[in-house]
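Trainee: From first to last, the protein sequence lines are chains V and F. The opening residue of the first sequence carries number 8 in the numbering used here; numbering runs sequentially from there. The opening residue of the second sequence carries number 5 in the numbering used here; numbering runs sequentially from there.
One thing to keep in mind: the hints can contain errors.
[Stated by the list, open to error] Among the chain F residues that face chain V by a calculated CB cut under 7 Å, a handful are:
(1) 177
(2) 180
(3) 184
Hints were generated in silico from the structure; no laboratory data involved. Backbone N, C-alpha and C define an ideal beta-carbon position, used for all residues, glycine too.
Listed here are the chains, written in short residue letters.
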Amino acid sequence: MALYSEKVMDHFRSPRNVGVIEDADGVGEVGNAVCGDIMKIYLKIENDIIADVKFETFGCGSAIASSSMATELIKGQPLSEALKLTNKAVTEALDGLPAHKLHCSVLAEQAIRAAVKDYYDKNDIEYDKSLFPEHEE
Amino acid sequence: MTVREMQDEIIRLKKERNICILAHAYQSHDIWDVADYVGDSFGLSRQAAGTDADTVIMCGVRFMAETVKILAPEKKVLLSNSEAGCPMAEQIDKELLEELKRHLPGYAAVCYINTTAELKTVCDVCVTSSSAKKIIGNMPEDKILFVPDCNLGEYIAGQLPEKTFEFMHGGCPTHLRMSAADVKKARREHPAALLLVHPECRPAVSALADFVGSTTEIMEYAEKSEADEFIIGTENSIVQHLQMNCPGKRFYPLSKDCVCHNMKLTTLGDIYDCVLGRGGEDITLDEETRLGAKRCIDRMLELNR
Numbered sequence: 008m009a010l011y012s013e014k015v016m017d018h019f020r021s022p023r024n025v026g027v028i029e030d031a032d033g034v035g036e037v038g039n040a041v042c043g044d045i046m047k048i049y050l051k052i053e054n055d056i057i058a059d060v061k062f063e064t065f066g067c068g069s070a071i072a073s074s075s076m077a078t079e080l081i082k083g084q085p086l087s088e089a090l091k092l093t094n095k096a097v098t099e100a101l102d103g104l105p106a107h108k109l110h111c112s113v114l115a116e117q118a119i120r121a122a123v124k125d126y127y128d129k130n131d132i133e134y135d136k137s138l139f140p141e142h143e144e
Numbered sequence: 005m006t007v008r009e010m011q012d013e014i015i016r017l018k019k020e021r022n023i024c025i026l027a028h029a030y031q032s033h034d035i036w037d038v039a040d041y042v043g044d045s046f047g048l049s050r051q052a053a054g055t056d057a058d059t060v061i062m063c064g065v066r067f068m069a070e071t072v073k074i075l076a077p078e079k080k081v082l083l084s085n086s087e088a089g090c091p092m093a094e095q096i097d098k099e100l101l102e103e104l105k106r107h108l109p110g111y112a113a114v115c116y117i118n119t120t121a122e123l124k125t126v127c128d129v130c131v132t133s134s135s136a137k138k139i140i141g142n143m144p145e146d147k148i149l150f151v152p153d154c155n156l157g158e159y160i161a162g163q164l165p166e167k168t169f170e171f172m173h174g175g176c177p178t179h180l181r182m183s184a185a186d187v188k189k190a191r192r193e194h195p196a197a198l199l200l201v202h203p204e205c206r207p208a209v210s211a212l213a214d215f216v217g218s219t220t221e222i223m224e225y226a227e228k229s230e231a232d233e234f235i236i237g238t239e240n241s242i243v244q245h246l247q248m249n250c251p252g253k254r255f256y257p258l259s260k261d262c263v264c265h266n267m268k269l270t271t272l273g274d275i276y277d278c279v280l281g282r283g284g285e286d287i288t289l290d291e292e293t294r295l296g297a298k299r300c301i302d303r304m305l306e307l308n309r
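Isolated chain F, as found in the complex (with noise of 0.2 Å):
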């Protein structure tokens, strides 16, 4: 079967049995024909709880997949492939939030999307990169735990001096990989291209960047812009998706060490399963974890308006 043969199997079946495939932006781009939705994690939860399908194939990792169950629990929702989890979302469980909480009386503790269901029962809202502003700054709290990633929270906190934060010392090793060193070679090489980069970025980077923004964000800048070249500071597939929607213009990876390898276990082989029926984990949530999560991204969602 080739890739071609395998893409149209995949189309007719999810529609023959009613299944709706979500792709992130970080999967590759045979991915991304099948799908009938592509965005950043929390786009394509929404678009997960408005559809009518009754089976949500979800090409991430886990925490994407239990955020869709979260939103429409009715719905069978099978994560890709299993082994396809977010280290970032490891890096802090409940316990541990529970002994900073303990720590620091008087703080709302708000987490990033890229969290399990679990630790979301006990955070008070939940944000994204590109929400993350808005909604903490409409939250009354002045005090603010942010967990996990403090290259993100720092961003964040530097656009709301008003307000105090706490971090934790985690953050998204992808992003991680790319040091001020990587800005300095890549200006040299590309002096008339702007650097776009992504707010898990550390700090050096962003400071040296010429628009910071989420990944859906990045991509809209990009293509409106009237520049001709760019220097894309977050995952690698996002400079290849650039390059495909806009031929006219120039794309280079800041770093080529900026792969997300667990975005890139899910394969189409493995989509392919799943719409046979025989791939893929169902993602099960008891409803006291559900509800509880539930209530922090409906926070996020009241904050967000």
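Chain V with its partners taken away, still in its complex shape (with noise of 0.2 Å):
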């Protein structure tokens, strides 16, 4: 079997949700200058709902499809559901990702909850600081 499946190539090739969005509600920027993997998710968000979501990801193959997927994923859902968003249904919905590249699905997860959570500080919403583990900032 081949180490990356058909969706991680078509989705590391043609990116859903590239860009920035100028006027973001909220934005997620994971990773650190050792690793490599920069992600950073905007959200445009209206009535709790992710009206849009684009992301800038400069990485490997793996990472560059697991902010697409994720983004794919979130998309005119509720933030309740985004928040639930998991790596490995990130994961699961690639097909799978080689061994040595599941924390790149674990970024996409991060970069959308930090979006959320930088959406729900600049508006003073309350919210769960359960759902925000420090180590995941």
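Hints are included, so try docking the two chains, each in its own frame, into the full complex.
Mentor: Structure (structure tokens):
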């Protein structure tokens, strides 16, 4: 079996929702200089629904595909659903990722959570702090 | 031991033990002072292949030490700090490139030199930022798959309109930290300064620059230029080195965040341990990988003539 599924290759080569939302309601950035994958997610939120989502990721194929798939999975969804998105769901939707690349799907999950938290913080919306453990920021 | 004493001891030991020390330009100045050669990644490899030293210490990141080993297999090649890798080189592996090639029949696979030896075994040719235009221009193929840095790729593509390019969304996390907003701010603070940037920057940044070039080209440009002030859009060590080389001119970083943490992992102490034979990582490559990667580098040399 190929290391990279057809879905990974499809989302890697033709990523969905690439770009920047200039007047985004929430922005989440994760990754670090040493690991090298930088993932940034922009959310446009209307009535607690993710009306639009874009991402900017420079990284490996799995990081691009994970970002792309994660944005597809949350677009049009209520924030409460977006917060339930797990890296496992992203990986499954991509028909799997190589074991040593699973951390890329974790990055996608974390970037979305960071963007939602940013929206909550900017708008003084109260939320359950346990949804955003420190290490995920 | 003071820094000076350690430097003197490193220099004494490297001569006694026939060791050549190579330092990438992004290393700190205390390391430059003990190096036999300072330069960009490929310049260093060529120096390494030409030296008669038995051991080469590469003060840089892993792919650079691998490149030295590819060109000089008979030498012992030590990577000064085994933790120092290039995040961009890790963005594409052999399997991913093979899948990409399968989806893009008829495309020649061109990789940046900032890639692993293993990746080079499945590429047609590799390029450096300063040689890319000439090498790709000299290739008979018109369709080019360039990996992993799409920003450098777009910069090259802009100079070669007769060729068709495909990219992946990779890039250097250090250079990606600089934005058009940084340019605006720096221009406001230093209105008389020229902006010199590396082609790994985002296209929105490169488009605003007075000069775009490799690290070596940026240094040459600044040293020869009649201008007095420069904003530097590459790793911030270059700002310090230029300030040392040209005390009559002024140099400013485009962004204070443009620091490559991997390049900064190597310390003078690591080099001291290497010359004493108790530090560094001895780079090994199996012969099949070495020859496969060498073919990719040899083609670069051939097309760069």
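Trainee: For every hint, state whether the structure bears it out.
Mentor: Hint check results:
Given hint, residue 177/F at the interface with chain V, holds; its Cβ is 5 Å from that chain's nearest Cβ, closer than 7 Å. Among the interface hints, the one on residue 180/F holds; its C-beta lies about 6 Å from the nearest C-beta in chain V, closer than the 7 Å criterion. Contact between residue 184/F and chain V, as hinted, is not supported at the beta carbon level, the nearest pair being about 12 Å apart and thus beyond 7 Å.
Against the hints set out earlier in the document, a violation occurs for number 3 only.
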